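K.L.:
Here's the letter readout for the chains.
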Amino acid sequence: MPNNKGTLEIRSLSKSFIVDNNSLQILNDINLTVHSGAFVTIVGSSGCGKTTLLRIMLGLENHYTGEALIDGKQIIGPGSDRGIVFQDHRLLPWLTVGENVAFGLDKLKRKEKKLLVDEHLKLVGLNGFESAYPSQLSGGMAQRVAIARALASKPEILLLDEPLGALDALTRMYMQQELERLWLLEKITMIMVTHDIDEAIYLSDKVVIMSSRPGVIKKIIDVPLSRPRNRASSDFTRIKAEILEEFHLGTEYPFAYAI
Amino acid sequence: MKRLAISKKTKAILGGIAFPIVLTGLWQLFIFAGFSSARFLPPPFKVFQKFVILFSDPAYSQHIAVSLQRVMIGFFIGTLAGFLFGLLMGLSKTAEKIFAPFFHAVRQVPMIGWIPLIIMWFGMNELPRVLIISVAAFYPITLNTFSGVRNVPREYLELASVYGFKGLTLIKKIIIPAALPSIATGISLGLAMSWSVLMVAEIFIQTAFGVGTQIQKGRDRFDIALVIAGIITVGVLGYAMTVLVQKIVQAVERGRVISTEK
Ligand SMILES: Nc1ncnc2c1ncn2[C@@H]1O[C@H](COP(=O)(O)OP(=O)(O)OP(=O)(O)O)[C@@H](O)[C@H]1O
Ligand SMILES: [Mg+2]
Chain W
15 MPNNKGTLEI RSLSKSFIVD NNSLQILNDI NLTVHSGAFV TIVGSSGCGK
65 TTLLRIMLGL ENHYTGEALI DGKQIIGPGS DRGIVFQDHR LLPWLTVGEN
115 VAFGLDKLKR KEKKLLVDEH LKLVGLNGFE SAYPSQLSGG MAQRVAIARA
165 LASKPEILLL DEPLGALDAL TRMYMQQELE RLWLLEKITM IMVTHDIDEA
215 IYLSDKVVIM SSRPGVIKKI IDVPLSRPRN RASSDFTRIK AEILEEFHLG
265 TEYPFAYAI
Chain V
2 MKRLAISKKT KAILGGIAFP IVLTGLWQLF IFAGFSSARF LPPPFKVFQK
52 FVILFSDPAY SQHIAVSLQR VMIGFFIGTL AGFLFGLLMG LSKTAEKIFA
102 PFFHAVRQVP MIGWIPLIIM WFGMNELPRV LIISVAAFYP ITLNTFSGVR
152 NVPREYLELA SVYGFKGLTL IKKIIIPAAL PSIATGISLG LAMSWSVLMV
202 AEIFIQTAFG VGTQIQKGRD RFDIALVIAG IITVGVLGYA MTVLVQKIVQ
252 AVERGRVIST EK
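Going down the list, the protein sequences come from chains W and V. Letter by letter, the first sequence follows residues 15 to 273 of our numbering. Letter by letter, the second sequence follows residues 2 to 263 of our numbering.
Hints listed in this document are in silico derivations from the structure and should not be mistaken for laboratory results. Hints are supplied without guarantee of correctness; some may be wrong.
Derived lysine-lysine pairs resembling DSBU-like cross-links, with alpha carbons at most 30 Å apart [to be verified]:
1. V:174 to W:123
2. V:98 to W:168
3. W:168 to V:167
4. W:127 to V:98
5. V:94 to W:123
6. V:98 to V:167
7. W:232 to W:121
8. V:12 to V:94
9. W:201 to W:128
10. V:98 to W:128
11. W:201 to W:220
12. W:19 to V:167
13. V:167 to W:87
14. W:125 to V:174
15. W:87 to W:136
16. W:121 to V:10
17. V:98 to V:218
18. W:87 to W:220
19. W:125 to V:167
20. V:167 to W:123
21. W:168 to V:173
22. W:136 to V:174
23. W:125 to V:173
24. W:168 to W:87
25. V:94 to V:174
26. W:121 to V:98
27. V:167 to W:127
28. W:125 to W:87
29. W:121 to V:174
30. V:173 to W:128
31. W:220 to W:232
32. W:254 to W:220
33. V:167 to W:128
34. V:173 to W:127
35. W:136 to V:173
36. W:136 to W:121
Among chain V residues calculated to face chain W with C-beta under 10 Å, some are [what the hints assert, rightly or not]:
37. 169
38. 170
39. 174
40. 175
Just so it is clear, the structure is predicted and the values come from calculations on it, not from any experiment. Built from N, CA and C at the ideal position, the CB exists for glycine as well.
Kindly generate the complete structure, drawing on both the sequences and the hints.
P.N.:
Structure representation (structure tokens):
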């Protein structure tokens with residue numbers, strides 16, 4: 015590993031929500047280690063607890079049993095070591111695109127801020143949009159701004175909750191390449207939720223497959239392919255078949271993932 | 002394009018004055034038909050004449066200026082106090098528990114109910130007049146600031162906590178901007194309230210200057226034309242202020258005013 019910061023460990027973690035006075039178990043006995051600098055994706059049917067798991071890693075959910083550790087230390091609340099791209103883009107409507115990207119950069123000088131904003135908007139292909147307002151953007155553009163905002167504050171671990179969900183197929187593939195390039199460049203840990211199995215295989219070292227009610231990790235599949243990956247290679251399709259196989263077994267919706 | 006925009010605006014203005022013109026016409030017909038004696042309802046022309054007389058006398062502009070100033074001072078104080086109080090109750094559940102029941106009880110007392118007490122305490126002075134106007138603005142601004150602060154989306158608060166914003170930074174960067182549309186609604190309601198209690202303040206707490214004083218004078222002399230002229234003045238000025246505030250509110254909502262970085 016190039017640097018040792020940003021290792022995330024989840025140990026026997028279970029989480030319940032109280033709904034109408036009943037305790038509803040959402041996550042059950044989750045065990046997961048994400049090494050520093052790894053790219054891990056999480057796939058699983060809607061409602062199986064992927065967002066909840068990311069929120070625990072982020073420190074927004076604090077009531078659970080088991081452990082959530084970063085570099086061996088218990089996660090207590092959010093911190094600048096972790097960044098997030100929320101499932102909803104969560105841009106602030108009263109700020110311009112540029113100001114949204116600069117949102118976490120309060121401590122920097124104006125000039126440094128501007129530099130970082132420009133750099134990251136360029137990265138997501140939105141240079142020239144800094145003075146637009148979020149309401150003037152398409153859904154995909156808004157998600158790209160959210161990615162720029164998360165990256166601009168230089169986290170060690172970047173959590174991404176379906177960040178490319180609102181993009182068209184071509185922009186999506188372009189953004190996948192860009193994410194991979196960024197990940198290689200910045201050497202940060204990335205943990206990403208996606209519904210797109212091709213995307214998961216293209217990007218990650220490990221694909222975590224979850225199943226629902228309660229959310230458990232069903233299987234973790236290694237993707238030992240060299241990069242950049244060829245989506246049409248036989249190894250790629252073999253791994254895809256292996257993942258799809260998991261969804262045929264034991265889910266209520268066997269065809270939900272046969273995209 | 003530009004010509005189209007102007008003609009649209011002209012259309013809106015024409016639409017807005019059409020009804021008052023029709024009303025004036027009916028009023029004239031009413032008099033022609035002999036339903037009313039000129040003593041109780043002077044013809045529109047008489048009222049118009051009264052306007053000409055009033056506005057050719059610089060004293061009337063001074064009455065208007067005094068009223069506007071009175072409203073502005075009262076409204077400003079009420080806005081500031083309402084904003085701070087609403088913010089406090091919005092931020093702190095404890096503050097809400099302590100103050101809200103009292104606030105809602107006091108709010109039930111109509112402005113005019115306070116007049117005797119206020120006169121006994123402060124006399125017929127400028128202070129109680131301004132006080133009444135500011136209290137009238139205070140209620141809606143407090144309520145709307147409170148609900149704006151309470152209803153800041155949880156998502157935005159989470160975002161702030163991800164970036165470690167707390168205390169004043171949180172208030173400045175998330176809570177106030179998110180609550181601003183609601184606060185702006187409170188401010189325009191507050192202005193309307195201030196303007197409408199201006200008459201209460203000027204008629205019940207007697208004074209030499211103000212539009213309300215003129216209306217009162219008209220009543221004392223049984224000069225209905227003067228009373229009507231005064232009422233129209235109050236209505237038109239109030240409407241002009243409302244439109245002005247709406248324009249400011251719209252600008253704020255477009256995010257322009259607050260998003261200018263320092
Ligand atoms: N605050 C909460 N209170 C009660 N139940 C909740 C809460 N948050 C999430 N849940 C429940 O937990 C389950 C998992 O939600 P979560 O958002 O983690 O799913 P997800 O895997 O991200 O789904 P999707 O793919 O649709 O985004 C859902 O059944 C949801 O209803
Ligand atoms: Mg989710």
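K.L.:
For this structure, which hints from the list above don't hold up?
P.N.:
2, 4, 5, 7, 8, 10, 15, 16, 17, 26, 28, 37
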